[in-house]
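Engineer: The whole structure should be built from the sequences, with the hints applied where relevant.
What follows is the residue order along each chain.
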Amino acid sequence: MPTESTSVSGSGRLAVRKTYKLFIGGAFPRSESGRSYAVTSSGGDFLANAALASRKDARDAVRAARGAFGKWSAATAYNRGQILYRVAEMLEGRRAQFIDEVSLSEGGDAASTVDAAIDLWVWYAGWSDKITQVYGNANPVAGPFFNLSSPEPTGVVGLVAPQESPLLGLVATLAPIIVTGNTAVVLAAEDRPLPAITLAEVLATSDLPGGVVNLLTGRVAETAPWLASHMDVNGLDLAGVTDPALAADLEAAAADNLKRVVRPGATPVDWHADPGVGRMTPFLETKTVWHPKGV
Amino acid sequence: MAFEYAPAPESPAIVNIRPSYGLFINGEFVDPKDGERFKTVNPANEEVLAEVASAGPSDVDTAVAAARAAYDTVWRRLPGRERAKYLFRIARIIQERARELAVLESIDNGKPIRESRDVDVPLVAAHFFYYAGWADKLPYAGLGPDPRPLGVAGQVIPWNFPLLMLAWKIAPALAAGNTVVLKPAETTPLSALLFAEICQQADLPPGVVNIVTGAGDTGRLLVEHDGVDKVAFTGSTEVGRLIAKSVAGTRKRLTLELGGKAANIVFDDAPIDQAVEGIVNGIFFNQGHVCCAGSRLLVQESVAEELLDALKRRMAQLRVGDPLDKNTDVGAINSAAQLEKIRSLSEIGESEGAQRWSPPCELPERGFWFAPTIFTGVSQAHRIAREEIFGPVLSVLTFRTPAEAVEKANNTPYGLSAGIWSEKGSRILAVADRLRAGVVWANTFNKFDPTSPFGGYKESGYGREGGRHGLEAYLAH
Numbered sequence: 001m002p003t004e005s006t007s008v009s010g011s012g013r014l015a016v017r018k019t020y021k022l023f024i025g026g027a028f029p030r031s032e033s034g035r036s037y038a039v040t041s042s043g044g045d046f047l048a049n050a051a052l053a054s055r056k057d058a059r060d061a062v063r064a065a066r067g068a069f070g071k072w073s074a075a076t077a078y079n080r081g082q083i084l085y086r087v088a089e090m091l092e093g094r095r096a097q098f099i100d101e102v103s104l105s106e107g108g109d110a111a112s113t114v115d116a117a118i119d120l121w122v123w124y125a126g127w128s129d130k131i132t133q134v135y136g137n138a139n140p141v142a143g144p145f146f147n148l149s150s151p152e153p154t155g156v157v158g159l160v161a162p163q164e165s166p167l168l169g170l171v172a173t174l175a176p177i178i179v180t181g182n183t184a185v186v187l188a189a190e191d192r193p194l195p196a197i198t199l200a201e202v203l204a205t206s207d208l209p210g211g212v213v214n215l216l217t218g219r220v221a222e223t224a225p226w227l228a229s230h231m232d233v234n235g236l237d238l239a240g241v242t243d244p245a246l247a248a249d250l251e252a253a254a255a256d257n258l259k260r261v262v263r264p265g266a267t268p269v270d271w272h273a274d275p276g277v278g279r280m281t282p283f284l285e286t287k288t289v290w291h292p293k294g295v
Numbered sequence: 001m002a003f004e005y006a007p008a009p010e011s012p013a014i015v016n017i018r019p020s021y022g023l024f025i026n027g028e029f030v031d032p033k034d035g036e037r038f039k040t041v042n043p044a045n046e047e048v049l050a051e052v053a054s055a056g057p058s059d060v061d062t063a064v065a066a067a068r069a070a071y072d073t074v075w076r077r078l079p080g081r082e083r084a085k086y087l088f089r090i091a092r093i094i095q096e097r098a099r100e101l102a103v104l105e106s107i108d109n110g111k112p113i114r115e116s117r118d119v120d121v122p123l124v125a126a127h128f129f130y131y132a133g134w135a136d137k138l139p140y141a142g143l144g145p146d147p148r149p150l151g152v153a154g155q156v157i158p159w160n161f162p163l164l165m166l167a168w169k170i171a172p173a174l175a176a177g178n179t180v181v182l183k184p185a186e187t188t189p190l191s192a193l194l195f196a197e198i199c200q201q202a203d204l205p206p207g208v209v210n211i212v213t214g215a216g217d218t219g220r221l222l223v224e225h226d227g228v229d230k231v232a233f234t235g236s237t238e239v240g241r242l243i244a245k246s247v248a249g250t251r252k253r254l255t256l257e258l259g260g261k262a263a264n265i266v267f268d269d270a271p272i273d274q275a276v277e278g279i280v281n282g283i284f285f286n287q288g289h290v291c292c293a294g295s296r297l298l299v300q301e302s303v304a305e306e307l308l309d310a311l312k313r314r315m316a317q318l319r320v321g322d323p324l325d326k327n328t329d330v331g332a333i334n335s336a337a338q339l340e341k342i343r344s345l346s347e348i349g350e351s352e353g354a355q356r357w358s359p360p361c362e363l364p365e366r367g368f369w370f371a372p373t374i375f376t377g378v379s380q381a382h383r384i385a386r387e388e389i390f391g392p393v394l395s396v397l398t399f400r401t402p403a404e405a406v407e408k409a410n411n412t413p414y415g416l417s418a419g420i421w422s423e424k425g426s427r428i429l430a431v432a433d434r435l436r437a438g439v440v441w442a443n444t445f446n447k448f449d450p451t452s453p454f455g456g457y458k459e460s461g462y463g464r465e466g467g468r469h470g471l472e473a474y475l476a477h
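So the sequence lines, in the order shown, correspond to chains A and B.
Going by the UniProt record's numbering, the first sequence opens with residue 1, and the numbers climb by one from there.
Going by the UniProt record's numbering, the second sequence opens with residue 1, and the numbers climb by one from there.
Some clues are possibly wrong.
To be verified - Covered, in the sense of this in silico footprint (three residues per stretch, anywhere, with C-beta under 8 Å from a C-beta of chain B), are these stretches of chain A: (1) 128-142; (2) 233-247; (3) 284-290.
These are computed hints drawn from the structure, not numbers from a lab.
Yeah, the Cβ is synthetic: ideal placement off N, Cα and C, and Gly gets one too.
Structural biologist: Given below as structure tokens:
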């Protein structure tokens, strides 16, 4: 990348550039299609070539997410919370690198954006062992039964990450999906995918099991329909779909196996605002268990 | 041996069924403007009960406009405590007219009077009573400090629990401050029309509740109507998918309660007699016309023979016949079309190689009837193990280990309910954790309560009805 740290330095040493790849099942493969696309800065300068994900990549990512769901959803809430907190720690350690990347991607106050992203991981980490208490409850049924409703994760969730906020928007939509035990296939911000791939490096070193988060870069209009129509995807967050006609098509395709769909919100969303629980609950199922009481 | 009983029929004289019904719009019964009329029959004897209006496009327009006007001018402005009192009033009138409602429900639906009297109608009153209490306590529902109603709810309900499904839809919607247009099922419109009278008796403001009768076309007009902010549907997964597609890209919020193929899992340490009662209740309650019916019996191999012997003995005691007879256990199939579907899938069960068994059972000559039936030797690939039959037909499969039971139980696109029979508490809790189903009954089955959320995982739909969770479907927050 043409920043000071990566260009030819005064000593004449040529910097080593990073290849930006996909993140599937805990590994960093190139697109099986062999395709890539040029990513430029907000000012129009070339930054890197990102992998242009294909249908096959999307299907591989779904398979990895499904494979990871059993263990991740069965992990203790304490364990999931620790791992999300670890993500915040890793992100904090690479704060300067993320400020550089966010600055090139979207400009603005990159430092406050990265800080907010770190703090959001901490916020969601704390939710792991509280959402059940806040969103579940005992029910006083009229009979001799112990009746308990508890939230459980929906399954594999496809996420089209917000376009305008490639790091903070991604964290604000991804963390609430995985903290409750879902696994995710993410389509990164199409024109600004680099912070997402670097975030995948953070996830890969945070004890997050491979496959819990899978990240694709490429064209939303090409890849999102494969996720929307995939019969092994259980939920779909359309946060980053900016074309209303495409959003409607994706929602209609999602109906084939009755995916839980979160429609695109108002744009721009203020990702710095208090998120509430509204991004966790759409991908939670309520299970109610009846136990008879008797001696 | 079968016990002999003298007939103990409930008198139908308590209900005054009118020869013809209009649509209930803006607080009064009106003739359909462009709709036709259709007949509703008693499925136990095929006699026509009444003529009912079929709402067309302009009827649905009028109903939605009435609901909108009531929402804007009255209902959303009414303090929660006043809405609550209307709902309490409705609950009380339902209790006062309980016997009448139960008899009417059994006549139009075919379900045994014992069930409509002891299950459906008491639950209906309880549901209104429960949500009445929420109407002035919404900020405490855990949905944020300022939950707001959505507007006009378009609601479409099935024929298996006509009045109970109406209560599940209308009570939370009104408590949250919405107004409703509800379409009852084509074959069971009468209890909803009696409910409309109850709204009149309660002096509910006109337009808060509107009832449009009709078939699937009327339902489609309602859920696709631009003036509807919220769609709630209970019915088949097939229609649920179509509705989900039709609301795609709109502002409408949607909840769906769809089909099921519940596993009822019996472990080798289960109390056999108790489990048999639960299995019978799970699949023969309401003629098996239950989306959460325990239609797949998974029994541990070591007790399969003993359990099946006991189940067959118990099934031989079931009394099939007149829904109005207080001794009747299994009533009439709701319609000729449903009877045909049950027959057809049962024949497929036989042709795919499963063994069919029914107790000796004399069925009435007129009406729609199907004897309680079990299939043994069923494999997971058989259609009767995969498809919802929605009738008194049980598919029996076996398993050896708890892991195999869980795998088979979850091997379905549905995820509405499940049952577990075991004396071991830790096993029940562990298995319940691993079942992908919205309601799990341990050592019981088909229990419902207004405080207890009901709804599915996967292709059994989304959203919950009942309990605090049931409010979420009708509030913006």
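Engineer: Are the hints correct? Go through all of them and say.
Structural biologist: Consistency of the hints with the structure:
1. Counting residues of the stretch 128-142 of chain A whose beta-carbon sits less than 8 Å from any beta-carbon of chain B gives 7, enough to reach three: the coverage restraint holds.
2. Restraint check on the stretch 233-247 of chain A versus chain B: 4 residues with Cβ-Cβ distances below 8 Å, three needed, restraint holds.
3. Under the rule that three or more residues need a Cβ within less than 8 Å of chain B, the assignment of the stretch 284-290 of chain A holds, with 6 such residues.
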